[in-house]
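Just so you know, the sequences run in chain order R and B.
The opening residue of the first sequence carries number 1 in the UniProt record's numbering; numbering runs sequentially from there.
The opening residue of the second sequence carries number 1 in the UniProt record's numbering; numbering runs sequentially from there.
Quick caveat, the hints were computed from the structure, so don't treat them as lab data.
All figures in this text were calculated on a predicted structure; none of them were measured in a lab.
Check each hint, because a few of them may be wrong.
Remember, identical chains collapse to one label, so a pair may be satisfied in a single copy or spanning two.
Once the Cα atoms are required to be at most 20 Å apart in a straight line, the calculated SDA-like pairs of lysine to any residue come out as [what the hints assert, rightly or not]:
{"id": "1", "residue 1": "Lys96", "residue 2": "Trp218"}
{"id": "2", "residue 1": "Lys96", "residue 2": "Arg220"}
{"id": "3", "residue 1": "Lys96", "residue 2": "Asp216"}
{"id": "4", "residue 1": "Lys96", "residue 2": "Phe219"}
{"id": "5", "residue 1": "Lys96", "residue 2": "Gly217"}
{"id": "6", "residue 1": "Lys96", "residue 2": "Ala150"}
{"id": "7", "residue 1": "Lys96", "residue 2": "Asp113"}
{"id": "8", "residue 1": "Lys96", "residue 2": "Ala37"}
{"id": "9", "residue 1": "Lys96", "residue 2": "Ala59"}
2 protein chains.
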Amino acid sequence: MTLRIAEIFGPTIQGEGALIGAPTVFVRAGGCDYRCAWCDSLHAVESRFRNEWAPMTAAEVWARVTALSGGRPLTVSLSGGNPAIQDFAPLIAMGKAEGYRFALETQGSVAQDWFAALDMLILSPKPPSSGEVVDWVRFDACVTAADTAAAVMKIVIFDEADYLWAREAAERHPDLPLYLQPGNHTPPPPEEEDATIDMDGVLARMEWLVERTLADGWFRPRILPQLHVLIWGNKRGV
Amino acid sequence: MTLRIAEIFGPTIQGEGALIGAPTVFVRAGGCDYRCAWCDSLHAVESRFRNEWAPMTAAEVWARVTALSGGRPLTVSLSGGNPAIQDFAPLIAMGKAEGYRFALETQGSVAQDWFAALDMLILSPKPPSSGEVVDWVRFDACVTAADTAAAVMKIVIFDEADYLWAREAAERHPDLPLYLQPGNHTPPPPEEEDATIDMDGVLARMEWLVERTLADGWFRPRILPQLHVLIWGNKRGV
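Assemble the whole structure, with the sequences as input and the hints as a guide.
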């Protein structure tokens, strides 16, 4: 049985959310059940890139992670696409046996029993601007599946409608640590790895989100930009 | 009994370290037992600015924090200068009674029993480039005083000597969560609130620190820039 892997890279630092700044190796899974309008990882989503996804066994993925990290334990970030549509249980078991930690980011559309083996489950329900609609029954099943793994909620926000949606969505899970992240309107086109970004726009949206949230007196969420975009632009593989 | 307060501002987000992105009101204490070469808050350190520090009772400080936050609990960040050279116990007691949380950042040169009343104690031992020398007996006393408060270590790094020093300093407290932060070589002059910064230099130092640390296979620290500098430059009061 093989996994579809779009890319494995690192070590670098996690650029967003609860683990921001933490050294990590990324394992990006190919394939997704969503088609977000502003997806920044289309090369790991669209079927037309399927021939670029490597079929790899868990042992092969693990060998690559070990090589990249020099055998020194760190956090492995499972991303995508939606990594929850494949079976990462064998990979997680291999890594945990060596002292590595695992975080997985998913929109929360597919729950897996093996979420409980993670160190952190980052659930990122998609706001209206994505064009997708959250199935909260499935989302809640993901929270339940996390069990003793630390579950957090991260919501990407592009505009006022997203913000108002986030306020309500967050209320569904008042006990989850909450992260708001301004959207990047100029994600890299999948064919062009080093496209320039609208840095002024990225910064302006961050400023707006901070002001909007704090003016509301909504002090629950942490508000964090995509640090890797600020530092490295849209360059892939960092 | 009054406190010497250089400024109170917010709510904004914490720009660095363990609480990065968290909504906070800053209470910046005036006065410091250190004179770091690259201090970015000289207006709260040098005696020549003493006439700008307001003598305020804890109740007066608390009234201001309450007004700024609209009475909604958030994290209050006690900074400076070195806030540990004054008595913030009464202020912390007032705030905790209302559900607020308190974080304090200090170099770790003066321990106080009331550190135990904090939610988080951020200890920032100064590297060689500061021109100061850490007294580790005093530093360790701060760690002990934190008791059940979450203690973390944050080290600012300007150059290779600082980096090598940080590797050894971190080993003294292997159980503390550790944060590395690239130094900002163009901090705002105290007389000029909106001085421009060398953003390319700030970003270059962040890239260097990430590469240096990860190439070493040193995966313990989180590496985070001063987010407020990336977003707002050196503007004061955000």
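Consistency of the hints with the structure:
In this assembly of identical chains, the alpha carbons of Lys96 and Trp218 lie at most 20 Å apart only when taken from different copies (19 Å versus 37 Å within one copy). Taking the shortest alpha-carbon separations for Lys96 and Arg220, only the inter-copy value of 17 Å comes in at or below 20 Å, while the best intra-copy value is 32 Å. Taking identical chains as interchangeable, the C-alpha atoms of Lys96 and Asp216 are never at most 20 Å apart, the minima being 42 Å within one chain and 22 Å between chains. For a Cα distance limit of 20 Å, the shortest separation of Lys96 from Phe219 across copies, 16 Å, qualifies, whereas the shortest one inside one copy, 35 Å, does not.
Proximity of Lys96 to Gly217 under the C-alpha cut-off of 20 Å is restricted to the inter-copy arrangement: shortest distance 18 Å between copies versus 41 Å within a copy. In this homomeric assembly, Lys96 and Ala150 come within 20 Å of each other (Cα to Cα) only inside a single copy, at 16 Å, whereas the closest approach across copies is 26 Å. In this assembly of identical chains, the alpha carbons of Lys96 and Asp113 lie at most 20 Å apart only when taken from the same copy (16 Å versus 40 Å across copies). Taking the closest pair of Cα atoms, Lys96 and Ala37 never come within 20 Å of each other, the shortest separation being 35 Å inside a single copy and 44 Å across copies.
Taking the shortest alpha-carbon separations for Lys96 and Ala59, only the intra-copy value of 13 Å comes in at or below 20 Å, while the best inter-copy value is 51 Å.
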